[in-house]
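A.B. asks: One-letter residues, chain by chain:
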Amino acid sequence: MSYAQKTRDLYQSQLEEIQKAGIFKEERFIHSAQAANIEVEFPAGSDLKEVINMCSNNYLGLSSHPDVIKAAHDGLEIRGYGMSSVRFICGTQDIHRELENKVTEFLGTEDTILFPSCMDANAGVFEAILTSEDIMISDRLVHASIIDGMRLCSAQHDTFKHSNMEHLEEKLQLHADKRLKLVITDGVFSMDGDMAKLDEMVRLCEKYDTMLLVDDSHASGFIGKTGRGTHEYCNVFGKIDIITTTFGKALGGASGGCVSGRKEIVDMCRQRARPYLFSNTIAPVIVSGVLKVFDILSSSTERRDKLEKNAAYWRAGLTEAGFILKDGCTPIVPVMLFNAKLSQDFSRDLYNEGIYAIGFFFPVVPNGQARIRTQISAGHEKHHLDRALEAFIKVGKKYGILGLTRDQVVEKYGM
Amino acid sequence: MEDTNLNEMKDLVLAYVKKEYIDDDDVELTYDTPLISSGYVDSFSMVSLLVFLEHKFKIKIPPSKATPEAFDNVNNIVKLVNQYLNT
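For the protein sequence lines, the chains are Y and V, in the order given.
Quick note, the first sequence lines up with residues 1 to 415 if you use the working numbering.
Quick note, the second sequence lines up with residues 416 to 502 if you use the working numbering.
FYI, nobody ran anything at the bench for these hints, they're computed from the structure.
Some hints could be false.
No farther apart than 27 angstroms at their CA atoms in a straight line, the calculated lysine-lysine pairs in the DSSO-like style are these [said to hold, decoys possible]:
#1 K161(Y) x K471(V)
#2 K433(V) x K161(Y)
#3 K434(V) x K207(Y)
#4 K161(Y) x K475(V)
#5 K197(Y) x K434(V)
#6 K475(V) x K326(Y)
#7 K178(Y) x K475(V)
#8 K341(Y) x K49(Y)
#9 K341(Y) x K25(Y)
#10 K309(Y) x K292(Y)
#11 K434(V) x K494(V)
#12 K178(Y) x K434(V)
#13 K197(Y) x K433(V)
#14 K480(V) x K161(Y)
Partial list, computed: chain V residues near chain Y (C-beta under 8 angstroms) [said to hold, decoys possible]:
#15 D438
#16 D457
#17 F459
#18 S460
#19 V462
#20 S463
#21 V466
From chain V, some residues computed to sit far from chain Y (all C-beta separations above 10 angstroms) [stated by the list, open to error]:
#22 M424
#23 K425
#24 A430
#25 Y431
#26 D447
#27 G454
#28 E484
#29 N491
#30 K494
All figures in this text were calculated on a predicted structure; none of them were measured in a lab.
The C-beta atom is built at its ideal place from N, Cα and C for all residues, glycine as well.
Whole structure, please, built from the sequences with the hints as guidance.
C.D. replies: Written out as structure tokens, the structure reads:
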């Protein structure tokens, strides 16, 4: 046995440190399918509680849609459970290619390659297309999976201040001598819910002969008038060189992701991206479900329209009640509380009121920027939102923060 | 005289760090403030600081010397710059 007591002690002390820092993550067991109403066991061992889910990425309410479930069942029956192979040995079915073609058409790109997740897509794409002669220039608030992907790549890297186009231009000038330049951003930033200025970024990238990568995981399926993503919203559809996105959020919510973009870039990923080369193909049951999701989205914009309406209703209700929100127009609506402990207490009290919403604080968000991040779904009905608003107001009154400015909340509770 | 030059260099570097990396006007930085280990500067952004130092002081710092430790505060950065100024 090599797991000595000193090894156990080391891990235990690290875990204790995490607990002491107040950032120990605990899972809450959900006993129902993903939906607006869920049954939750929390803390572990307690009775089940029915709560309204205000924090899932199930933006379009498709995670438990009957047509998606039926398509997944049919896929399971006809194509089997697994492929027991990576894609390039014997793991590619016709439906994998069919899905790649559907994604390409939906996103308005040249080609697409599937990955087991968007985390894997981001882990693989940079290393596959860039070398030490090149530079990656990323927004300072990009998702952790992009940061990990950049770390795996030998290209140089630099950053620009969040959504600051003057700073990005300075960086493009600074690195003008590099062989290839790639600007990297999230389409919608997951913690703040704000959107990248893709129209300006495309203009700058064209001016400085630079490629642009957008991770549209929090946008694909619902941002833009037909839900194609942030490039549709910003009127630069067809002009993004690389889009990475996930099927694990709005697009059915199971798993899987992709790199979609210029043909040669996708081909390079097929030859060199290690998460594609060395991990299993996406299971046929998931591919079948996601194909149905694209059928649903292509036939009607009803769900994204409802989501847009729900998000506007939720935002207006919270604002009128006197909460401080991060500005934006996406279904990610952060309710700012600034103080870490207040965000945890607030979340706990909401749960007691039957509302499931999580508090985020440093280091997940900057120090002094603690918040409850709410996420709206097309699966929410008006009565869900009204009930949630009632609970937010009740808890907000308890802590005496309604109508206060940021400085007043900070004065009352500290940073 | 030497001290004056050293302090001028430190002020130049400090001004660049504030402009480049700090968005919050309330943050007070000194020559000793940890920059990378405290999260003010992420390790990905160090390249622009390196390019600034090389252009400003007309030196070449090998990538192996541009470590997060060497760049963790203004005093360390200026110490590193001086090594290459004097070679």
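A.B. asks: It remains to establish, for every hint, whether it holds in the given structure.
C.D. replies: Do the hints match the structure? See the list:
1. Note on K161(Y) and K471(V): the hinted pairing holds, with a Cα-Cα distance of about 22 angstroms set against a maximum of 27 angstroms.
2. The suggested pairing of K433(V) with K161(Y) holds, with an alpha-carbon distance near 12 angstroms, which does not exceed 27 angstroms.
3. Restraint check for K434(V) and K207(Y): the C-alpha separation of about 25 angstroms stays at or below 27 angstroms, so the hint holds.
4. The suggested pairing of K161(Y) with K475(V) holds, with an alpha-carbon distance near 26 angstroms, which does not exceed 27 angstroms.
5. Distance restraint check for K197(Y) and K434(V): the Cα-Cα separation of roughly 22 angstroms lies within the 27 angstroms cut-off, and the hinted pair is therefore satisfied.
6. A C-alpha spacing of about 43 angstroms is found between K475(V) and K326(Y), which places the hinted pair above 27 angstroms, so the restraint is violated.
7. The suggested pairing of K178(Y) with K475(V) holds, with an alpha-carbon distance near 17 angstroms, which does not exceed 27 angstroms.
8. With a C-alpha separation of about 24 angstroms, the suggested pair K341(Y) and K49(Y) falls inside the 27 angstroms cut-off, and the hint holds.
9. Proposed proximity of K341(Y) and K25(Y) is supported: the alpha carbons are some 15 angstroms apart, at most 27 angstroms.
10. At roughly 24 angstroms between alpha-carbon atoms, K309(Y) and K292(Y) fall within 27 angstroms of each other, so this suggested pair holds.
11. About 21 angstroms separates the Cα atoms of K434(V) and K494(V), which keeps this hinted pair within 27 angstroms; it holds.
12. Between K178(Y) and K434(V), the direct Cα distance comes to roughly 24 angstroms. Compliance with the 27 angstroms bound is thereby established for this hinted pair.
13. For the suggested pair K197(Y) and K433(V), the alpha carbons sit about 24 angstroms apart, so the restraint of at most 27 angstroms is met.
14. For the suggested pair K480(V) and K161(Y), the alpha carbons sit about 25 angstroms apart, so the restraint of at most 27 angstroms is met.
15. Hint on D438(V) holds. Least Cβ distance to chain Y is approximately 7 angstroms, under the 8 angstroms limit.
16. Hint status for D457(V): holds, given a least beta-carbon distance of 7 angstroms to chain Y, under 8 angstroms.
17. Given hint, F459(V) at the interface with chain Y, holds; its Cβ is 5 angstroms from that chain's nearest Cβ, closer than 8 angstroms.
18. A least Cβ separation of about 4 angstroms between S460(V) and chain Y falls short of the 8 angstroms threshold, and the interface hint therefore holds.
19. Below 8 angstroms, beta-carbon pairs count as interface contacts, and V462(V) has one with chain Y at about 5 angstroms; its hint therefore holds.
20. The restraint placing S463(V) at the interface with chain Y holds, with a minimum CB-CB distance near 5 angstroms, inside the 8 angstroms limit.
21. A hinted interface residue such as V466(V) counts as satisfied when its beta carbon comes closer than 8 angstroms to some beta carbon of chain Y; here the least separation is about 6 angstroms, so the hint holds.
22. No Cβ of chain Y comes within 10 angstroms of the Cβ of M424(V); the nearest lies about 21 angstroms off, and the non-interface call holds.
23. Its beta-carbon lying about 23 angstroms from the closest one in chain Y, K425(V) satisfies the requirement of being farther than 10 angstroms from that chain.
24. Residue-level check passed: A430(V) sits 16 angstroms from the nearest beta carbon of chain Y, beyond 10 angstroms.
25. Residue placement check: Y431(V) keeps its beta carbon more than 10 angstroms from all beta carbons of chain Y (closest about 12 angstroms).
26. Consistency note on D447(V): stated as away from chain Y, and its beta-carbon is indeed over 10 angstroms from all of that chain's, at 20 angstroms minimum.
27. Not every Cβ of chain Y is farther than 10 angstroms from the Cβ of G454(V); the closest lies at roughly 8 angstroms, contradicting the non-interface assignment.
28. Chain Y leaves E484(V) outside its interface by the beta-carbon criterion, the shortest separation being 18 angstroms against a cut-off of 10 angstroms.
29. Against the 10 angstroms criterion, N491(V) stays outside the reach of chain Y, whose nearest CB is about 21 angstroms from its own CB.
30. For K494(V), the shortest C-beta to C-beta distance to chain Y comes to about 24 angstroms, beyond the 10 angstroms cut-off, and the non-interface label holds.
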